[in-house]
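K.L.:
As a plain string of letters, each chain reads:
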Amino acid sequence: ILNVEQSPQSLHVQEGDSTNFTCSFPSSNFYALHWYRWETAKSPEALFVMTLNGDEKKKGRISATLNTKEGYSYLYIKGSQPEDSATYLCASGSSNTGKLIFGQGTTLQVKP
Amino acid sequence: DTEVTQTPKHLVMGMTNKKSLKCEQHMGHRAMYWYKQKAKKPPELMFVYSYEKLSINESVPSRFSPECPNSSLLNLHLHALQPEDSALYLCASSQGKGWDTGELFFGEGSRLTVL
Numbered sequence: 045i046l047n048v049e050q051s052p053q054s055l056h057v058q059e060g061d062s063t064n065f066t067c068s069f070p071s072s073n074f075y076a077l078h079w080y081r082w083e084t085a086k087s088p089e090a091l092f093v094m095t096l097n098g099d100e101k102k103k104g105r106i107s108a109t110l111n112t113k114e115g116y117s118y119l120y121i122k123g124s125q126p127e128d129s130a131t132y133l134c135a136s137g138s139s140n141t142g143k144l145i146f147g148q149g150t151t152l153q154v155k156p
Numbered sequence: 002d003t004e005v006t007q008t009p010k011h012l013v014m015g016m017t018n019k020k021s022l023k024c025e026q027h028m029g030h031r032a033m034y035w036y037k038q039k040a041k042k043p044p045e046l047m048f049v050y051s052y053e054k055l056s057i058n059e060s061v062p063s064r065f066s067p068e069c070p071n072s073s074l075l076n077l078h079l080h081a082l083q084p085e086d087s088a089l090y091l092c093a094s095s096q097g098k099g100w101d102t103g104e105l106f107f108g109e110g111s112r113l114t115v116l
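Top to bottom, those sequences are chains A and B.
Mapping the first sequence onto my numbering, position 23 (from 1) lands on 67, and the numbers just tick up by one.
Mapping the second sequence onto my numbering, position 102 (from 1) lands on 103, and the numbers just tick up by one.
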């Protein structure tokens, strides 16, 4: 993998459903993985920054895991609520380029 | 104050105009970034300033000229743009010398339309 790729591109779920998204990134020269939530007409806000293989982080109903050896991260939302509707961006930082590169995002719509 | 403020929110300009986008933060962050985002695409890195020095230029055309007058301000000067430069321009900042020391704090973006 040369770029940062996210799947699915979009997701529609019912309130109360649990959901998860995937972020795939180059595993070589990996340094850090960032997750951001971007609500319409607002600024992207950081959810998690992870650096170590096997890292798991949690904030309320949202959690994330990191596998640096195979180059993927999962973001989980438990019991989705309408206010979780947003675009979720991941970004991977490389130690050899010094750059933080974003994926195209997963847009989540939670229906009441 | 945990805000990054971008002005203007919307800008319409002709191909012969000269305009500037401004970004301001008062969190004491020493790294500042410009990203460009077109619809349905990932934000693309344009420039990074670290301690007020340009550290990354992603081969951006010279019609985009960044400036960091001090540690709180970041400008993007625009001249002779093309319609394909129409996009959302996001400014961000982070502590220390860059993203490797923590999360990015973003502004809401400046929506640029080039006619």
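Think of the hints as simulated: they come from the structure by calculation, not from any bench.
Bear in mind the structure is a predicted one, so any value in this text is a computation, not a measurement.
Where is the CB? At the ideal position from N, CA and C, for every residue including glycine.
Keep in mind that the hints are not guaranteed to be accurate.
DSSO-like cross-link-like pairs, simulated, lysine-lysine; straight-line CA separation at most 27 Å [unchecked claim]:
| hint | chain 1 | residue 1 | chain 2 | residue 2 |
| --- | --- | --- | --- | --- |
| 1 | A | LYS113 | A | LYS86 |
| 2 | A | LYS102 | A | LYS155 |
| 3 | A | LYS143 | B | LYS23 |
| 4 | B | LYS41 | B | LYS54 |
| 5 | B | LYS39 | A | LYS86 |
| 6 | B | LYS10 | A | LYS113 |
| 7 | B | LYS23 | A | LYS103 |
| 8 | B | LYS39 | A | LYS102 |
| 9 | A | LYS143 | A | LYS155 |
| 10 | B | LYS41 | B | LYS10 |
| 11 | A | LYS86 | A | LYS103 |
| 12 | B | LYS23 | B | LYS41 |
| 13 | A | LYS103 | B | LYS10 |
| 14 | B | LYS54 | A | LYS155 |
| 15 | B | LYS39 | B | LYS19 |
| 16 | B | LYS20 | A | LYS155 |
| 17 | B | LYS19 | B | LYS54 |
| 18 | A | LYS143 | A | LYS113 |
| 19 | B | LYS23 | B | LYS54 |
| 20 | A | LYS122 | B | LYS20 |
| 21 | A | LYS102 | B | LYS23 |
| 22 | A | LYS155 | A | LYS113 |
| 23 | B | LYS19 | A | LYS155 |
| 24 | A | LYS143 | A | LYS122 |
| 25 | A | LYS155 | B | LYS41 |
| 26 | B | LYS20 | A | LYS86 |
| 27 | A | LYS101 | A | LYS86 |
| 28 | B | LYS39 | A | LYS122 |
Some residues of chain B that are not near chain A, with every Cβ distance over 12 Å (derived) [said to hold, decoys possible]:
| hint | residue |
| --- | --- |
| 29 | THR6 |
| 30 | GLN7 |
| 31 | ARG31 |
| 32 | ALA93 |
K.L.:
None of the hints should be skipped; say for each whether it holds.
P.N.:
Structure-based check of all given hints:
1. Taking the CA atoms of A:LYS113 and A:LYS86, the gap is about 34 Å. The hint is violated against a cut of 27 Å.
2. With a CA separation close to 23 Å, the supplied pair A:LYS102 and A:LYS155 stays within the 27 Å bound.
3. Of the pairs offered as hints, the one joining A:LYS143 and B:LYS23 holds, with about 22 Å between alpha carbons and a cut-off of 27 Å not exceeded.
4. Of the supplied pair hints, the one linking B:LYS41 and B:LYS54 is violated, its CA atoms being roughly 31 Å apart against a limit of 27 Å.
5. The hinted pair formed by B:LYS39 and A:LYS86 meets the criterion: a straight-line CA distance of about 16 Å does not exceed 27 Å.
6. At roughly 41 Å between alpha-carbon atoms, B:LYS10 and A:LYS113 are farther apart than 27 Å, so this suggested pair is violated.
7. A hinted pair counts as satisfied when its Cα atoms are at most 27 Å apart, and B:LYS23 with A:LYS103 does not qualify at roughly 32 Å.
8. Of the supplied pair hints, the one linking B:LYS39 and A:LYS102 is violated, its CA atoms being roughly 30 Å apart against a limit of 27 Å.
9. At most 27 Å may separate the alpha-carbon atoms for a hinted pair to count; A:LYS143 and A:LYS155 exceed this at roughly 36 Å.
10. For the hint linking B:LYS41 to B:LYS10, the alpha-carbon distance of about 20 Å falls within 27 Å, and the restraint holds.
11. Distance hint between A:LYS86 and A:LYS103 is fulfilled; the C-alpha atoms sit about 20 Å from each other, no more than 27 Å.
12. Only pairs whose Cα atoms come within 27 Å are accepted, and B:LYS23 paired with B:LYS41 is accepted, the gap being roughly 24 Å.
13. Our distance criterion of 27 Å between C-alpha atoms is broken by A:LYS103 and B:LYS10, whose separation comes to about 30 Å.
14. As the CA atoms of B:LYS54 and A:LYS155 are separated by approximately 46 Å, the hinted pair breaks the 27 Å bound.
15. This hinted pair checks out: B:LYS39 and B:LYS19 have alpha carbons roughly 21 Å apart, not beyond 27 Å.
16. For the suggested pair B:LYS20 and A:LYS155, the alpha carbons sit about 41 Å apart, so the restraint of at most 27 Å is broken.
17. At roughly 23 Å between alpha-carbon atoms, B:LYS19 and B:LYS54 fall within 27 Å of each other, so this suggested pair holds.
18. Taking the CA atoms of A:LYS143 and A:LYS113, the gap is about 19 Å. The hint holds against a cut of 27 Å.
19. Using a Cα cut-off of 27 Å, the hinted pair B:LYS23 and B:LYS54 holds, with the two alpha carbons roughly 17 Å apart.
20. In summary, the hint linking A:LYS122 to B:LYS20 is not supported, as the alpha carbons are separated by about 45 Å, beyond the 27 Å threshold.
21. For the hint linking A:LYS102 to B:LYS23, the alpha-carbon distance of about 34 Å lies beyond 27 Å, and the restraint is violated.
22. Annotation: proposed proximity of A:LYS155 to A:LYS113 is violated, straight-line Cα distance about 36 Å (limit 27 Å).
23. Pair hint B:LYS19 plus A:LYS155 does not hold up; C-alpha atoms about 44 Å apart against a cutoff of 27 Å.
24. For a cut-off of 27 Å, the pair hint linking A:LYS143 to A:LYS122 is broken: about 31 Å separates their Cα positions.
25. Note on A:LYS155 and B:LYS41: the hinted pairing holds, with a Cα-Cα distance of about 22 Å set against a maximum of 27 Å.
26. A threshold of 27 Å between alpha carbons decides the hint, and for B:LYS20 with A:LYS86 the separation of about 23 Å falls inside it, so the pair holds.
27. Under the criterion of a C-alpha separation no larger than 27 Å, the hint pairing A:LYS101 with A:LYS86 is consistent with the structure, at around 24 Å.
28. Among the hinted pairs, B:LYS39 with A:LYS122 is inconsistent with the structure: their alpha-carbon atoms are about 30 Å apart, more than 27 Å.
29. Listed as outside the interface, B:THR6 is inconsistent with that label: its C-beta sits roughly 10 Å from the nearest C-beta of chain A, within the 12 Å cut-off.
30. A beta-carbon of chain A comes within 12 Å of the beta-carbon of B:GLN7; the shortest separation is about 9 Å.
31. Chain A leaves B:ARG31 outside its interface by the beta-carbon criterion, the shortest separation being 15 Å against a cut-off of 12 Å.
32. Under the 12 Å C-beta cut-off, the non-interface status given to B:ALA93 relative to chain A is violated; the minimum distance is some 8 Å.
The structure fails to meet hints 1, 4, 6, 7, 8, 9, 13, 14, 16, 20, 21, 22, 23, 24, 28, 29, 30, 32 from the earlier list, while all remaining hints are met.
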